Amino acid sequence: MPHDLNRALNPKTVVVVGSKRADGYMWLRNYAPFGERDGCKLYSVQIDPNEIPGIEAMGVTNFTSLADVPGDVDYAMLAVPRQVATRVMTDCAKKQVCGVALFTSGFAETGEADATAMQDQLLQIATDGGIALIGPNCMGLYNRKLGIRQSGDQGHGDGGEVGFIGQSGTHSINFGLVGEQHGVRVSTSISIGNAIILDVPDYLDYLADDADTKVIAMYIEGVKDGPRFVQSLRRAASMKPVVVWKGGVTDAGARATASHTGSLATEQAVFSAIVRQAGAIEAHSLEDTIDVVKALLYAKPSTGRRMGLMAMTGGQSVVITDAFVGAGLDVPRLSDASYAELGSFFNIVGGSFQNPLDMGGTIGFGGSAETLTRLFDILERDENVDGIAMEMASGFLARMWQANPVSLDGLLDTLAAHKEKSSKPFAAVLQPQHVEDVVRQARVRVQERGIAVFASFERAAGALSRAIAYHRFRAGLD
Amino acid sequence: MGNAIIEAARKDGRTILSEIEAKQLLEQAGVPVSPARLATTKDDAVKMANELGYPIVLKIVSPQITHKSDVGGVALGLTSAEDVGAAFERVVANAKKAEPGATIEGVAVQRMEKQGTEVIVGMTTDAQFGPVMMFGLGGVMVEILKDVAFRVVPLNERDARQMIHEIKGYPVLEGFRGSDPADIAKLEALLLKVSSFIEANPDVAELDLNPVFAYKDGAIAVDARVVLKN
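The listed protein sequences correspond, in order, to chains A and B.
Last residue of the first sequence? That's 478 in our numbering, and every number before it is there in order.
Last residue of the second sequence? That's 230 in our numbering, and every number before it is there in order.
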């Protein structure tokens, strides 16, 4: 019987089994926004009489048996001692709970024989009961819209656009938390733990089909069924961008092999090849994953590699070029028409209008909106340019933005107006410089205008080049 | 296809095919290889050399002799039937003298291909993902820089094209400092042929075509090594 993942991951009735004071009723707290939603029911199951008053004080109805919970249960989070996990799982099977996430750990991951035997028992009970089992040893579901969270710090309310699959609870939580700081919000995230029933391909298939999910990201350390993983990855990547961050890349020594090829085919080399072959995108850290997702979500899709770059000073013009060329993109000469127009007004004292446009002296450090718009329009019209990236000169300007927030508003209006009418991808670079606190606030305001903004030239270039590579693959160009 | 060769090796309890067997297997599958034939007599060797075309290389074939040139078991650049005949006798005599107990199966007769840009094409079986193919430049580029690209079998045309373009040394294939550019289309076709060969022969665990000579108008595997699954 196929699992009804859609029902399990978009539940109407949720039960937390084993919530307790010692962890601050963590799971009930994590799910509290869900309990407050109209039409959603959050219940607790706890047999310990010492714990029940605390649970009821949170306004959650407690039952001493899962069987007593009224109606059908779509999703249950089990945070029970390992010794009773199989018994509670049996209760879930009897109650015909659709999806169960098992926070409880101490199973096969310990490497101990009896713990592994217990995991096998869980597998059997859940399989026989037709339960969509998430975990064990996991942080379960994060459904932002429904307010079902992996951590009480994660946001809730509107649904996001990014699906996440995490083989680590920490990285799953952090993707939600850190992503949100960068305008990357989760639709559905699943911390998969030991993945004894539902595994990466199941979740990939689900997120590929989920209309709310525009981009999929994942953190994985290993794959159980290689061919099935490849199949699901290919399918998902043919439908929407999939960003894969693989942990554990150091190879455990060369394999025993009789061939030259075998000695070179490290686990990492083969895995990278699979990601590429599937048309998915490889990332290398949490920040890198978020950067690439950001580029995919907020920069217009493009298959062209030729960048028009804008910087405020000569030094930045040089290194922004280094960064984009280093990421495999081109920084070409602009068209003659562009040079003719630029020549008519560009202030070349202390500046230059080759490519990059070294524009500090032209737009002025207050940032003339009219002149900046004119530069954007020139690059937009230029047939030699496929995408645009711009340094926001936070080192000079952030203090002014802080003292006079309207000055940033004016700049953001100009950027947003450009993005609105432009067909080319646009990336803004807002370096923390010596004004990290101000830049942090400025970044949020840039993001709020729907602009892809990055903390360094390298990060902007790396993210944009992979987004472009993805669109080229989809278009059959590379 | 090629099963007779694999079955013969299986019957002998061998997982490593001889160069002659490996090349025959690949030749049958349509992979461009420099053919090698086993001659057991001087007359055989001359006849085969005439068929293959000159210049010719002879190599002693003996399970006990792995370092053939160390025992004088290799003769290069033979340009006539007379040379081949004389070299056959010399190579066999040298081998017998160096390794008196060795079983001499014969002498491999192959064409001496003209030098091209050296590339390596290979396959290994990944425990997780099954057969994986590799492409790289030969020599130092693969030995030290490990400048290679991988794809899982089966390859499609895009995969073959990407593998070749992906290596850092790709400009070498485009023609470097006046050297001929390599025939990329033929290299792509070779990769696809090898992919089909592997799909059709799941018994093959590992494969090295090293080197493959790439020319401006073609590509040919000069040496081949095939390892069967245990």
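Watch out, some of these pointers could steer you wrong.
To be verified - 25 Å max Cα-Cα, derived SDA-like pairs, lysine to any residue:
hint : chain 1 : residue 1 : chain 2 : residue 2
1    : B       : Lys146    : A       : Gly326
2    : B       : Lys168    : A       : Lys224
3    : B       : Lys146    : A       : Arg306
4    : A       : Lys421    : B       : Gly178
5    : B       : Lys168    : A       : Arg306
Quick caveat, the hints were computed from the structure, so don't treat them as lab data.
Computed from a predicted structure; not experimentally measured.
A quick look at each hint next to the structure:
1. Between the alpha carbons of Lys146(B) and Gly326(A) the distance comes to roughly 20 Å, so the proposed pair stays at or under 25 Å and holds.
2. Taking the CA atoms of Lys168(B) and Lys224(A), the gap is near 32 Å; set against the 25 Å cutoff, the hint is violated.
3. Only pairs whose Cα atoms come within 25 Å are accepted, and Lys146(B) paired with Arg306(A) is rejected, the gap being roughly 30 Å.
4. At roughly 48 Å between alpha-carbon atoms, Lys421(A) and Gly178(B) are farther apart than 25 Å, so this suggested pair is violated.
5. For the given pair, Lys168(B) sits about 20 Å from Arg306(A) by alpha-carbon distance, which is consistent with the 25 Å threshold.
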